[in-house]
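Q: Given the sequences, and given the hints that come with them, work out the whole structure.
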Amino acid sequence: MADRITLEVARYRPEQDAEPVMQSYEVPLRKDWAILDGLNHVKDNLDGTLSYRWSCRMGICGSCGMTVNGEPKLTCATFLTDYAPGPVRIEALRNFPVIRDLVVDIDDFMSKLPTVKPWLVRDKQSPVEEGEYLQTPEELDEYKQYSMCINCMLCYAACPVYALDDKFVGPAALALAQRYNLDSRDDGAADRRDVLSSDEGVWACTFVGECSAVCPKDVDPAGAIQRYKLTAATQAVKDLLLPRGAR
Amino acid sequence: MSSTAGPYRRPVSLFWWLERRSYLVFVLRELSSVFVAWFVVYLLMLVSAIGGGSDSYQRFLDRSDQAWMLVLNIVSFLFVLLHMVTWFGLAPKAMVVRLRGRRVPSRAILAGHYALCALLSAVVAWVVLR
Amino acid sequence: MTASYDVVVIGGGGAGLRAAIAVAETNPRLRVAIVSKVYPMRSHTVSAEGGAAAVAGADDTLDEHAYDTVSGSDWLSDQDAVEAFVAEAPRELLRLEHWGCPWTRQPDGHIAVRAFGGMKKMRTWFAADKTGFHLLHTLFQTALSYPDIVRYDEWYVTTLLVDDGTVRGLVALELATGRVETITATAVIVCTGGCGRVYPFTTNANIKTGDGMALAYRAGAPLKDMEFVQYHPTGLPFTGILITEAARAEGGWMLNKDGYRYLQDYDLGTPSPTPVLRSMELGPRDRLSQAFVHEQEKGRTTDTPYGPVVHLDLRHLGAELIDAKLPFVRELCTNYQNIDPVTELVPVRPVVHYMMGGVHTDIHGATPVKGLYAAGEVACVSINGANRLGSNSLPELLVFGARAGRAAAVYAGLNGGTVSSAVLAQGRDEERRLEQELTGRTDGHERIADIRTEMQATMEDGAGIYRDGDALAKAANSLRELRERFAGAAVDDHSRSFNTELVALLELSCMLDVAESIIASALHREESRGAHQRIDFPARDDARYLAHSLIHRKPDGTGKVEYLPVTITRWPPGERVYGR
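Note that the protein sequences, when read in sequence, are chains B, U and F. For any residue, its number in this note's numbering is found by taking its place in the first sequence, counting from 1, and adding 167. For any residue, its number in this note's numbering is found by taking its place in the second sequence, counting from 1, and adding 46. For any residue, its number in this note's numbering is found by taking its place in the third sequence, counting from 1, and adding 20.
Hints were generated in silico from the structure; no laboratory data involved. In this text, a Cβ means the ideal position worked out from N, Cα and C, and glycines have one as well. Keep in mind that the hints are not guaranteed to be accurate.
Quick list of simulated restraints, FRET-style, between CB atoms [to be verified]:
no., chain 1, residue 1, chain 2, residue 2, range
1, F, 186, B, 332, 49 to 55 Å
2, U, 137, B, 193, 45 to 51 Å
3, F, 186, U, 149, 44 to 50 Å
4, U, 51, F, 587, 31 to 37 Å
Below, computed lysine-lysine pairings styled on DSSO-like, alpha-carbon distance capped at 30 Å [stated by the list, open to error]:
no., chain 1, residue 1, chain 2, residue 2
5, F, 494, F, 318
6, U, 139, F, 494
7, U, 139, B, 279
8, F, 141, F, 390
9, B, 384, U, 139
10, F, 318, B, 384
A: Here it is in structure tokens:
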């Protein structure tokens with residue numbers, strides 16, 4: 168195996184570039200190195216002007232999502248040797264505006280998230296002195312998978328609906344809404360319905376399924392969304408058939 | 047201070063659906079609904095032809111025999127198969143079924159769909175072929 | 021440009037979010053903002069794995085949790101703070117449960133607890149082995165339901181504004197645009213976490229650069245107990261990624277190169293097949309890390325390209341238990357070490373993990389600087405003293421985040437008023453200084469990364485697990501030299517949009533301040549206690565050093581060390597006994 172590999176990195180400096188420009192860097196090819204280690208080598212030793220986000224380097228903070236050879240990946244959890252002999256093409260995450268180099272603007276997600284009310288809604292709050300709300304391990308399993316989202320945005324980068332229609336609420340936000348809908352302690356399903364059942368909510372999803380395919384935490388947002396379609400449809404039929412008082 | 051272009055928005059290509067295999071399969075799956083719609087129309091045409099008597103039924107059979115119609119129906123059948131396979135595959139994701147408190151595994155839901163399909167096909171075949 | 025708030029929280033992790041919520045609940049009319057250099061979900065709280073301790077069972081008492089904490093701290097913790105902490109921890113963890121935190125449960129639906137290092141009873145609540153992740157996301161999502169909390173995401177605070185001994189606000193840089201803004205505030209709560217990145221080998225994320233410690237230090241608040249740096253016994257060899265103590269709590273063994281459970285040689289008890297609380301692998305972190313050094317000196321560690329290691333043996337736990345209780349551990353070992361802990365031994369070594377020391381606060385989170393509060397790892401109350409017990413840190417974020425929030429809210433409600441022109445002038449000075457850092461430095465000749473790497477090496481050599489006066493003095497000199505070289509550091513990136521090199525420069529400046537305070541405090545403490553072990557002063561010296569070191573910044577940038585006696589209430593200093 169060779170001991171060097173080339174990274175082709177998309178640079179974008181709004182003060183001087185009209186669109187991203189590729190720049191090549193040669194970095195050591197070490198068997199333990201993630202793509203992120205390669206980028207750090209570039210920044211520390213070759214070119215301090217390269218900007219990108221990273222923090223935990225263990226796949227839990229969600230900062231380092233980028234497009235690697237056309238696929239959305241967490242660069243701290245993707246290894247250089249998997250791309251040998253290279254070159255490896257690294258670009259900013261798709262479907263988000265690029266602020267600079269490999270840094271994208273995720274404010275769209277940050278503003279959509281509160282609209283699905285991703286917090287526990289209770290009809291009746293008990294004081295903490297009365298102890299915990301009981302929840303069996305089976306009840307926890309109902310929503311546990313959807314609680315694993317690290318907000319890395321790889322799902323938005325993979326979703327063609329979001330690419331074409333940026334008003335789509337999107338996989339992660341909808342999955343988080345489901346995480347609370349399915350939590351046995353939550354009473355807020357009705358509060359979330361309007362946003363989830365809107366045209367830009369679950370009904371904008373055409374079940375491409377790429378979001379679940381790229382999710383590094385196996386959250387399966389596609390599954391969460393389809394389940395909600397069933398829930399919303401059933402609810403709509405119930406509303407139609409049952410008298411107001413029984414709903 | 048130099049002027050700044052601001053954030054860059056990558057344009058979405060008209061052929062975005064050719065960029066990944068999964069996108070292509072998705073678009074074909076969506077397209078298959080057109081062919082499902084054709085089969086519905088064809089069925090309605092068949093019913094109407096039968097309703098019109100043996101002459102109109104014979105005309106329907108003659109029309110169906112034409113090369114282009116045969117090709118259309120074969121292609122449609124393949125697309126309907128694609129439609130069935132992809133939607134059956136996705137069904138377990140949308141349906142969480144519980145039996146006696148335990149969650150039915152996806153494989154079982156999938157198998158259930160195919161079993162029902164095989165059963166219905168067998169019934170139809172028996173009716174038609176006897 | 022100026023914005024104005026009643027309370028500003030710096031840092032959006034566990035402590036920061038809890039503090040902001042506490043402010044909003046204490047006085048909904050206060051204008052509160054959170055300024056964080058990363059989006060809150062990226063805060064380092066997210067990486068915590070093992071759990072959060074709070075008395076839960078009928079057979080457990082607050083006094084026992086307190087005693088475990090006090091003895092674990094080698095009697096350096098302030099016992100009034102510890103008593104308040106253990107009393108409030110259960111309420112805080114229950115509040116989190118009420119906010120939706122997916123704590124792992126017993127079959128009957130009650131919260132499950134597990135054993136943890138240094139604790140005599142099982143009282144560590146956990147959410148699988150991603151407790152910090154779930155805690156942070158629960159807090160962040162709950163904070164979203166308080167629409168009046170304003171957030172400045174990806175804004176880097178470069179200085180606090182202090183006038184007449186009172187905090188009046190801060191100056192922050194918006195990463196996306198390079199815009200610099202003065203934000204005035206009646207109260208400021210610093211919740212920026214620790215500074216593991218001053219060492220080369222750490223579980224800590226890239227963002228743990230001690231920014232808040234430096235900000236408070238420069239604003240006149242003393243840093244306390246900085247010499248006490250916790251090495252976590254089980255980090256992966258190359259990356260330093262944390263393998264949670266829970267792996268040992270569930271029954272994992274630590275083996276040297278002969279396959280021997282070596283901890284039995286270090287007065288930590290005798291081995292038994294299943295874990296015994298406060299014994300062997302469930303001893304306190306400082307003692308376990310020190311044992312590693314001795315094993316290394318005896319030649320009983322295994323050499324790898326990334327240094328000496330020992331091994332964590334989880335094979336006898338079985339795949340089912342590992343997948344149920346330690347799934348993230350399995351994932352990390354597989355991805356980053358190509359090892360499946362179900363069938364193979366996991367190589368581990370001590371790595372820097374936590375700062376017991378930090379900004380000096382009282383038990384309400386108030387620093388000596390009026391209007392300035394601190395909570396979480398950045399602060400030193402102190403409940404952790406010379407050594408922190410695992411699973412005490414997460415409840416600490418909540419208890420003291422809430423306390424600081426409430427105290428700051430009360431203070432802000434009573435004080436406030438117009439901002440003096442002196443403060444605004446200070447803000448403009450800072451703007452000019454930042455402009456200079458951005459556009460100047462065109463003839464710098466040192467790479468930021470080189471200075472940083474040398475600083476880290478200096479710290480590991482001078483202030484590692486075992487220290488001595490000569491090495492510490494040498495380290496102090498090296499740091500002085502590095503600070504001079506820092507003046508000539510080069511900045512390649514002069515753009516304003518998302519300039520991470522400028523941020524790295526500012527972070528390095530904070531790290532140098534913090535590193536110097538660690539070395540100075542370590543040099544002055546001539547005894548061994550908890551995580552601070554002096555080869556030249558191997559005994560604990562309660563007569564002279566049952567006290568916190570306090571370091572104040574002098575105008576020339578160096579520090580002056582003094583001592584503040586520890587508050588003893590119910591537990592007079594005793595011997596730390598584990599395994600007997």
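Q: Next, verify each hint and record whether it holds.
A: Now the hints, each set against the structure:
1. 186(F) / 332(B): 49 to 55 Å: Since the Cβ atoms of residue 186(F) and residue 332(B) sit about 51 Å apart, the hinted range of 49 to 55 Å holds.
2. 137(U) / 193(B): 45 to 51 Å: holds (49 Å)
3. 186(F) / 149(U): 44 to 50 Å: violated (60 Å)
4. 51(U) / 587(F): 31 to 37 Å: violated (58 Å)
5. 494(F) / 318(F): holds (26 Å)
6. 139(U) / 494(F): violated (63 Å)
7. 139(U) / 279(B): Given pair residue 139(U), residue 279(B) holds - Cα atoms ~24 Å apart, limit 30 Å.
8. 141(F) / 390(F): Judged against 30 Å, a Cα distance of about 40 Å means the pair is violated.
9. 384(B) / 139(U): At roughly 17 Å apart (the allowed maximum being 30 Å), residue 139(U) and residue 384(B) satisfy the hint.
10. 318(F) / 384(B): Violated, at about 42 Å.
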